[in-house]
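**Student:** Can you make the complete structure from the sequences, with help from the hints?
Protein chains in written order, with my numbering: chain A, 1 to 560; chain B, 1 to 517.
These aren't lab readings, by the way, just hints derived from the structure by calculation. Don't take every hint at face value.
Derived pair list, reagent style DSS-like, types lysine-lysine, alpha-carbon separation capped at 25 Å [to be verified]: (1) A:K346 - B:K408; (2) A:K434 - B:K251; (3) B:K307 - A:K463; (4) B:K367 - A:K287; (5) A:K44 - B:K388; (6) A:K134 - B:K348; (7) B:K499 - A:K463; (8) B:K448 - A:K44; (9) B:K307 - A:K391; (10) B:K368 - A:K463; (11) A:K364 - B:K348; (12) A:K364 - B:K488; (13) B:K488 - A:K420; (14) B:K515 - A:K133; (15) B:K367 - A:K364; (16) A:K346 - B:K420; (17) B:K251 - A:K480; (18) B:K367 - A:K420; (19) B:K515 - B:K488; (20) A:K464 - B:K499; (21) B:K499 - A:K391; (22) A:K420 - B:K307; (23) B:K367 - A:K348; (24) B:K368 - A:K287; (25) B:K313 - B:K367; (26) B:K310 - A:K420; (27) B:K420 - A:K364; (28) B:K251 - A:K346; (29) B:K313 - A:K420; (30) A:K364 - B:K307.
In this text, all values refer to a predicted model and were calculated from it rather than measured experimentally.
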Amino acid sequence: MPVINFSYEYFNQVLGRKITKDQLIDMLPMIGSDIEHYDDELVKVEFFPNRPDHYSVEGITRTVKGFLKMEEGLPDYTVSKSGISMTVDPELRELRPYTVCCIIEGISLDENRLKGLMEFQENLHWVLGRDRKKVAIGIHNLDVLKPPFTYKAVKPDEYSFVALETSHKMTLQEILEDHKKGKKYAHLLDKFDKYPLITDSEDNVLSMPPIINGELTKLTENTVNVLIDVTGTDERAVNFALNIIACSFAETGGSIKSMDVIYNDRTVEIPDLTPKKMCVNIVNARKILGIELSADDVVDMLHRVRLGAEKESNDKIAVLIPAYRIDILHEVDIIENIAIGYCIRKIKAELPEIATVAYPDISKTFENRIREIMIGMGFYEVMSLMLTNEKQHYVNMRLDEDDHVMVAQPISQDRTMIRKSLLNGLMEFLEDNKHEELPQKIFEVGDVAYIDSNTETGTVILKKIACTVTHSNANFTEIKSITDSFVSNLGLKMKLEPSNHPSFIKGRCAAFKGIYGDIEGNEDNNKGFVKGFFGEIDPEVITNFELEYPIIAFEIEFND
Amino acid sequence: MNDMELQKIIDELHIYEKKVLKGLESEGYEAKPEEIVKSQNMDIKSVMSAAGILESRGLIKVQKDVQDIISLTDNGKQYAEQGLPERIILKSLGLKNSIPMKEISKETGLNASEVKIAMGWLVRKKWAVINKGIIEITDEGKNALGTESNDEQFLTKLLEMQQILFLEPSKILKTGFNLLKQRKGIINVKKDVNYLLIVTDEGEKILELGIDLTPTATQLTHEQLKTGSWKSLKFRSYDINAEHPETFPGKIHPLTRIIEEIREVFLNMGFTESSGNILESAFWNFDCLFQPQDHAAREMQDTFYIKNPKHSKLPADDLVKRVSDIHENGGTTGSEGWQYDWDREIAKQSVLRTHTTCVSARFLYEKKPPLKMFSVGRVFRRETITYKHLPEFHQVEGIVAAEDINYKNLLGIIEEFYHKLGFKVRFRPAYFPYTYLSTECEIYLPEKESWIELGGSGMFRPEVLEPLGVETPVLAFGLGIERLAMLKLGITDIRMLYKSDIGWLRDLPVADGIKLK
Numbered sequence: 001m002p003v004i005n006f007s008y009e010y011f012n013q014v015l016g017r018k019i020t021k022d023q024l025i026d027m028l029p030m031i032g033s034d035i036e037h038y039d040d041e042l043v044k045v046e047f048f049p050n051r052p053d054h055y056s057v058e059g060i061t062r063t064v065k066g067f068l069k070m071e072e073g074l075p076d077y078t079v080s081k082s083g084i085s086m087t088v089d090p091e092l093r094e095l096r097p098y099t100v101c102c103i104i105e106g107i108s109l110d111e112n113r114l115k116g117l118m119e120f121q122e123n124l125h126w127v128l129g130r131d132r133k134k135v136a137i138g139i140h141n142l143d144v145l146k147p148p149f150t151y152k153a154v155k156p157d158e159y160s161f162v163a164l165e166t167s168h169k170m171t172l173q174e175i176l177e178d179h180k181k182g183k184k185y186a187h188l189l190d191k192f193d194k195y196p197l198i199t200d201s202e203d204n205v206l207s208m209p210p211i212i213n214g215e216l217t218k219l220t221e222n223t224v225n226v227l228i229d230v231t232g233t234d235e236r237a238v239n240f241a242l243n244i245i246a247c248s249f250a251e252t253g254g255s256i257k258s259m260d261v262i263y264n265d266r267t268v269e270i271p272d273l274t275p276k277k278m279c280v281n282i283v284n285a286r287k288i289l290g291i292e293l294s295a296d297d298v299v300d301m302l303h304r305v306r307l308g309a310e311k312e313s314n315d316k317i318a319v320l321i322p323a324y325r326i327d328i329l330h331e332v333d334i335i336e337n338i339a340i341g342y343c344i345r346k347i348k349a350e351l352p353e354i355a356t357v358a359y360p361d362i363s364k365t366f367e368n369r370i371r372e373i374m375i376g377m378g379f380y381e382v383m384s385l386m387l388t389n390e391k392q393h394y395v396n397m398r399l400d401e402d403d404h405v406m407v408a409q410p411i412s413q414d415r416t417m418i419r420k421s422l423l424n425g426l427m428e429f430l431e432d433n434k435h436e437e438l439p440q441k442i443f444e445v446g447d448v449a450y451i452d453s454n455t456e457t458g459t460v461i462l463k464k465i466a467c468t469v470t471h472s473n474a475n476f477t478e479i480k481s482i483t484d485s486f487v488s489n490l491g492l493k494m495k496l497e498p499s500n501h502p503s504f505i506k507g508r509c510a511a512f513k514g515i516y517g518d519i520e521g522n523e524d525n526n527k528g529f530v531k532g533f534f535g536e537i538d539p540e541v542i543t544n545f546e547l548e549y550p551i552i553a554f555e556i557e558f559n560d
Numbered sequence: 001m002n003d004m005e006l007q008k009i010i011d012e013l014h015i016y017e018k019k020v021l022k023g024l025e026s027e028g029y030e031a032k033p034e035e036i037v038k039s040q041n042m043d044i045k046s047v048m049s050a051a052g053i054l055e056s057r058g059l060i061k062v063q064k065d066v067q068d069i070i071s072l073t074d075n076g077k078q079y080a081e082q083g084l085p086e087r088i089i090l091k092s093l094g095l096k097n098s099i100p101m102k103e104i105s106k107e108t109g110l111n112a113s114e115v116k117i118a119m120g121w122l123v124r125k126k127w128a129v130i131n132k133g134i135i136e137i138t139d140e141g142k143n144a145l146g147t148e149s150n151d152e153q154f155l156t157k158l159l160e161m162q163q164i165l166f167l168e169p170s171k172i173l174k175t176g177f178n179l180l181k182q183r184k185g186i187i188n189v190k191k192d193v194n195y196l197l198i199v200t201d202e203g204e205k206i207l208e209l210g211i212d213l214t215p216t217a218t219q220l221t222h223e224q225l226k227t228g229s230w231k232s233l234k235f236r237s238y239d240i241n242a243e244h245p246e247t248f249p250g251k252i253h254p255l256t257r258i259i260e261e262i263r264e265v266f267l268n269m270g271f272t273e274s275s276g277n278i279l280e281s282a283f284w285n286f287d288c289l290f291q292p293q294d295h296a297a298r299e300m301q302d303t304f305y306i307k308n309p310k311h312s313k314l315p316a317d318d319l320v321k322r323v324s325d326i327h328e329n330g331g332t333t334g335s336e337g338w339q340y341d342w343d344r345e346i347a348k349q350s351v352l353r354t355h356t357t358c359v360s361a362r363f364l365y366e367k368k369p370p371l372k373m374f375s376v377g378r379v380f381r382r383e384t385i386t387y388k389h390l391p392e393f394h395q396v397e398g399i400v401a402a403e404d405i406n407y408k409n410l411l412g413i414i415e416e417f418y419h420k421l422g423f424k425v426r427f428r429p430a431y432f433p434y435t436y437l438s439t440e441c442e443i444y445l446p447e448k449e450s451w452i453e454l455g456g457s458g459m460f461r462p463e464v465l466e467p468l469g470v471e472t473p474v475l476a477f478g479l480g481i482e483r484l485a486m487l488k489l490g491i492t493d494i495r496m497l498y499k500s501d502i503g504w505l506r507d508l509p510v511a512d513g514i515k516l517k
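**Tutor:** This is the structure we're talking about:
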């Protein structure tokens, strides 16, 4: 999530008033942010993805002014016509269809602001633009250009220009192949045989969206008038991005001038900063927040968070939402803003008066019962990750690979699948504890996943328990005794048959079913059963895990 | 030490230890263990172990003396009697001055491997040289004909004495020994260890006080209890500070304990428990929680998508349609929605669930309010394994749905929940895509004098509830359990919970700070 860095000095300069560090540190979280770090000069604060209008110091001070009652309600940014146009080539429809742009006059930049502006753009690229895919922003020094402007689709070698941070001309193709940013973002254009380009009336290149701007229009501390272009694939997102930047400039005195964006079938005057109108019902707000609020209170709270608000009737307030706010989709969002304006720490916590009767998940109760048996026998419970890999799970255990849940893009070759058995996790644990004192008796109760195409998710989750014991004399009799004790304590009778489980020494492994008995002690298969196996682990398996002492084990599966 | 302390030591002595001390007293306060074996009629093992304990209590000193004993092997004995193989060849050379290599075996009666060894030593001792396959005696060889070299002197001496204690040998014997040591199978070297037990001043004091050799009882036995013989027995006092073997009780995993603690809190507060599959469709994990299909959290770099099985089945058509409408235009909620074309194929993708909120969503779809529900389970995020992150961890989430619940109740329930877990909590605004009045819970850590972020909460958005058919407000809150566990257990590396050290598990106290008032 975006993190904004600034100094108190700069913040106060933009705010136009001095507030103390402590005041700011207290206030920032309550307008919706998370302070990552602060010291005597600087603060590092994370703002959430629903408030990109807070990604600049100008945007933060706009909100803070409301809380300090310096300026309240809807900010008043006027837009006047520049008469300058941007013509959009119809060929861009498939490629990168939307562009919006405007002019800001009379700005002042210094080193701090230039740096802040860069970070602001990058954060918007990330959050609104999905790393420039949906939205890409360019800000240009207007005074070196000759309007009107054209946004067009051109062939890769049709144009060449000096890209930012370079000193010689390159063709568009060369930029994608050789320039740092070109290489990074080339994938956004690789499906196309023409590339987007913005030029002025003398064919000077402003920008090759969404890749890079020209060196010609680079901002400096002397820049006074700028042109902002935002291109992208989502009309709403490009407009939001432009509005957010334009209003941020306007907050420190820039004047916004609109431009005419000329498509082949229509002309649009941009930006359109008309606030969105919504209503909030006071009854709803009171009900949801649980606090007594009058219509006037609500208007106050909304003004404080820089929304326009006017009482329409005793229980209805008309709310005007500035064009840079992306977060308000529904009445409930306005209610959230009322709470923020009120300050949520002032809201008194209160338990609800609803009587409910709780039932535990029976499988958790069952898990606890079987843990009790294992602990009684002196076992330690351990936990393993459910993500494992085929080598560990199959090869090391001498098992043939079968159908299993596989992850599409694993974090590493160690975590490529979801386990079907718990035994290999225990073996891994023993491997990690090779140098610890023996005997080691451990167990795990947990879920495993099997493929089952009949279910909704194509998988079925089974509960299993497994244990291992390792010491110099661990043998079949010991594990048989442990398994029998476990099964009897479940209230079941163990029925054995020989097994050739490949992880165990041949002739020293048994499979079993645990079966319920009826009153007379006869087997009763209708009550369900558990099944499992136990024995002495094969020396090849032991050495696959680089272990050096005999290991005995059981694994049991519980059916519903 | 005063007499009382000395008497206490005496009472704690085992009969064997007493006998060894007594034995030493009669031998003049110092003796070899073998002498004690004889005089006290004990076996050597008992004497040595008693001596060890007496030494550890400072009553005697055990002096250890190690010597090398050298003797001849059968082969060595033969060489000592008949001469080393190089000497045999030298003798022949003394007669003939030179012999071709090929004939040497026939000439001397030595076998091929002996010839090979002998040739090496002949050259090394400079007794002969080999010139174009012919062995020729040197001047040194001629001189050697009448004298014994160092190794030969050592062999002769050894033959004469049978074995040599290697304490302070002469220089000649030492070089001879060193030469022979380099050859295989001629001499044996055995370590001979001798002990001497010497009574210390403390031991003498004990002996002066007098040791009673009447047998004392060690282990109370079934026999003694049955026959009543215990009445006339004297039970030896034990040294309470003596070493003891460790006992390791079985334990549940510390994370299980914390999960149990949390479950108990929820159950006490009237929340019914539910659970779900760790595999979910993107539909249940994201779409029905109003996360747009191009949301950052849905990207491959944050979420584990599944290669096999790639897709899940979507639920009933009317639910899918309602969710689709919500995304595209807000449906009937009055919301704007996200305004894009919703794609059912994307919703069908299987994922490892990224939160337990999908369990809450399914529960809300199936049950009617009023209700309180919670679930604990594993969730998955595409994180590399480090001390801070794991690709899977446990989450717990609780929801309350009822006609008249509000935001104050959300804060109230959370406050009560954390209070029961032993924490003070405070709130600040947050953001989650599926809630409004989203609120972060911070708990206070007195030892660090700071607030830390622990869990999220909020009211489910109408865009989430409407498709699920829920008509009341629903409040929700959750937290990551590993983070809480790390705080409670005082660990800074999250991996310890899964790749645990068994020593850590064995040592971790179970009481966890809980005590009787």
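**Student:** Look at each hint and say if it fits the structure.
**Tutor:** Hint check results:
Taking the CA atoms of A:K346 and B:K408, the gap is about 10 Å. The hint holds against a cut of 25 Å. For the given pair, A:K434 sits about 20 Å from B:K251 by alpha-carbon distance, which is consistent with the 25 Å threshold. Between B:K307 and A:K463 the CA atoms are separated by roughly 23 Å; this keeps the pair inside 25 Å, and the hint holds. Among the hinted pairs, B:K367 with A:K287 is consistent with the structure: their alpha-carbon atoms are about 23 Å apart, no more than 25 Å.
Between A:K44 and B:K388 the CA atoms are separated by roughly 21 Å; this keeps the pair inside 25 Å, and the hint holds. Under the criterion of a C-alpha separation no larger than 25 Å, the hint pairing A:K134 with B:K348 is consistent with the structure, at around 24 Å. For a cut-off of 25 Å, the pair hint linking B:K499 to A:K463 stands: about 21 Å separates their Cα positions. With a CA separation close to 21 Å, the supplied pair B:K448 and A:K44 stays within the 25 Å bound.
About 18 Å separates the Cα atoms of B:K307 and A:K391, which keeps this hinted pair within 25 Å; it holds. With a CA separation close to 29 Å, the supplied pair B:K368 and A:K463 exceeds the 25 Å bound. Taken as a hint, the A:K364 and B:K348 pair is broken in the structure, with Cα atoms around 30 Å apart against an allowance of 25 Å. Proposed proximity of A:K364 and B:K488 is supported: the alpha carbons are some 22 Å apart, at most 25 Å.
The straight-line distance between the Cα atoms of B:K488 and A:K420 is roughly 31 Å, outside the 25 Å bound, and the hint therefore fails. Among the hinted pairs, B:K515 with A:K133 is inconsistent with the structure: their alpha-carbon atoms are about 59 Å apart, more than 25 Å. Our distance criterion of 25 Å between C-alpha atoms is met by B:K367 and A:K364, whose separation comes to about 21 Å. Between A:K346 and B:K420 the alpha-carbon distance is near 23 Å, which keeps this suggested pair within the 25 Å criterion.
Proposed proximity of B:K251 and A:K480 is supported: the alpha carbons are some 22 Å apart, at most 25 Å. The suggested pairing of B:K367 with A:K420 is violated, with an alpha-carbon distance near 32 Å, which exceeds 25 Å. For the proposed pair B:K515 and B:K488, the alpha carbon gap of about 16 Å is at most 25 Å, so the pair holds. Taken as a hint, the A:K464 and B:K499 pair is honoured in the structure, with Cα atoms around 19 Å apart against an allowance of 25 Å.
With a C-alpha separation of about 18 Å, the suggested pairing of B:K499 with A:K391 holds against the 25 Å cut-off. Taken as a hint, the A:K420 and B:K307 pair is honoured in the structure, with Cα atoms around 16 Å apart against an allowance of 25 Å. Between the alpha carbons of B:K367 and A:K348 the distance comes to roughly 30 Å, so the proposed pair goes past 25 Å and is violated. Between the alpha carbons of B:K368 and A:K287 the distance comes to roughly 20 Å, so the proposed pair stays at or under 25 Å and holds.
A distance of roughly 21 Å separates the Cα atoms of B:K313 and B:K367; the hinted pair therefore holds under the 25 Å criterion. Between the alpha carbons of B:K310 and A:K420 the distance comes to roughly 18 Å, so the proposed pair stays at or under 25 Å and holds. This hinted pair checks out: B:K420 and A:K364 have alpha carbons roughly 21 Å apart, not beyond 25 Å. The hinted pair formed by B:K251 and A:K346 fails the criterion: a straight-line CA distance of about 44 Å is larger than 25 Å.
Restraint check for B:K313 and A:K420: the C-alpha separation of about 22 Å stays at or below 25 Å, so the hint holds. Among the hinted pairs, A:K364 with B:K307 is inconsistent with the structure: their alpha-carbon atoms are about 30 Å apart, more than 25 Å.
Comparing the model with each earlier hint shows violations of hints 10, 11, 13, 14, 18, 23, 28, 30; every other hint is respected.
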